[in-house]
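Going down the list, the sequences are from chains A and B. So the first sequence is numbered by this note's numbering: it starts at 402 and just counts up by one. So the second sequence is numbered by this note's numbering: it starts at 392 and just counts up by one.
Hint data in this document are derived by calculation from the structure and do not stem from the laboratory. Don't be surprised by glycine CBs; every beta carbon is placed ideally from N, CA and C. One thing to keep in mind: the hints can contain errors.
Simulated crosslink set (DSS-like; lysine-lysine; CA at most 30 Å straight-line) [claimed, not checked]:
hint	chain 1	residue 1	chain 2	residue 2
1	B	Lys498	A	Lys446
2	A	Lys478	A	Lys414
3	B	Lys438	B	Lys498
4	B	Lys498	A	Lys479
5	A	Lys446	A	Lys478
6	A	Lys479	A	Lys414
7	A	Lys478	B	Lys498
8	A	Lys478	B	Lys438
Label pairs and their computed distance ranges (CB to CB) [claimed, not checked]:
hint	chain 1	residue 1	chain 2	residue 2	range
9	A	Ser524	B	Arg454	44 to 52 Å
10	B	Ser500	A	Ser420	34 to 42 Å
11	B	Pro433	A	Thr489	18 to 26 Å
12	A	Gly458	B	Pro399	38 to 46 Å
13	B	Gly443	A	Gly458	45 to 53 Å
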Amino acid sequence: QVRLQESGPALVKPSETLSLICTVSAGSMTNNGYYWGWIRQPPGKGLEWIGSISYSGSTSYIPSLESRVTISLDTSKKWFSLDLTSVTAADTAVYYCARHTGTVTRMRWFDPWGQGTLVTVSS
Amino acid sequence: QSVLTQPPSVSGAPGQRVIISCTGSSSNIGAGYDVHWYQHLPGTVPKLLIYGNTNRPSGVPDRFSGSKSGTSASLAITGLQAEDEADYYCQSYDSSLGGYVFGTGTKVSVL
Numbered sequence: 402q403v404r405l406q407e408s409g410p411a412l413v414k415p416s417e418t419l420s421l422i423c424t425v426s427a428g429s430m431t432n433n434g435y436y437w438g439w440i441r442q443p444p445g446k447g448l449e450w451i452g453s454i455s456y457s458g459s460t461s462y463i464p465s466l467e468s469r470v471t472i473s474l475d476t477s478k479k480w481f482s483l484d485l486t487s488v489t490a491a492d493t494a495v496y497y498c499a500r501h502t503g504t505v506t507r508m509r510w511f512d513p514w515g516q517g518t519l520v521t522v523s524s
Numbered sequence: 392q393s394v395l396t397q398p399p400s401v402s403g404a405p406g407q408r409v410i411i412s413c414t415g416s417s418s419n420i421g422a423g424y425d426v427h428w429y430q431h432l433p434g435t436v437p438k439l440l441i442y443g444n445t446n447r448p449s450g451v452p453d454r455f456s457g458s459k460s461g462t463s464a465s466l467a468i469t470g471l472q473a474e475d476e477a478d479y480y481c482q483s484y485d486s487s488l489g490g491y492v493f494g495t496g497t498k499v500s501v502l
């Protein structure tokens, strides 16, 4: 049963870069049809998909964040990462990583999810 | 602001049936994109309940069922239990936004 775990700083200063890593254990990252994604939830608000990456490195991002987001992965070391540049208080959220599953583009779902990590943007 | 609208809250007595709606448009649910549902207790890991509109992953009780029609989808919980108290989110794809979208979320309370 694949498990995911987020790690990274809990506090980031405004205008700096938020960097998180998701470690994948007990499963393969390279099965066809598996993408790997990031989702966030600001305090008191709903879930927002940030972006996803395929095992081959193909990425897709939500257009509203595309200019600030980079997702990358290392399948041999079994992790994928999120970099979000020029952060503001509006980027304060619980950040989740998840396996983005399904063989048909645009039909995919998220399962399983990591525990989530709260990242606060503040000076 | 999400393009998938859910009621903020629904409630029911133990054993009752509740239905959570997820209303979209012609650029998401109405365009034929699948709807998936998640259960989220704050502080815990979001859990996939329904994928591909109607399919339950192994381990999810058959008290949970999903349906889709037109520009909307629904999650039904029958035989409501205290452990079902949680937030529920639908998820699909929106071609106008160019990405995956989640619903606004519904808090289920067991009276």
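Structure-based check of all given hints:
no. : hint                             : verdict
1   : B/Lys498 to A/Lys446             : holds, 12 Å
2   : A/Lys478 to A/Lys414             : holds, 29 Å
3   : B/Lys438 to B/Lys498             : holds, 15 Å
4   : B/Lys498 to A/Lys479             : violated, 35 Å
5   : A/Lys446 to A/Lys478             : violated, 33 Å
6   : A/Lys479 to A/Lys414             : holds, 28 Å
7   : A/Lys478 to B/Lys498             : violated, 38 Å
8   : A/Lys478 to B/Lys438             : holds, 26 Å
9   : A/Ser524 to B/Arg454: 44 to 52 Å : holds, 48 Å
10  : B/Ser500 to A/Ser420: 34 to 42 Å : holds, 38 Å
11  : B/Pro433 to A/Thr489: 18 to 26 Å : holds, 24 Å
12  : A/Gly458 to B/Pro399: 38 to 46 Å : holds, 39 Å
13  : B/Gly443 to A/Gly458: 45 to 53 Å : violated, 26 Å
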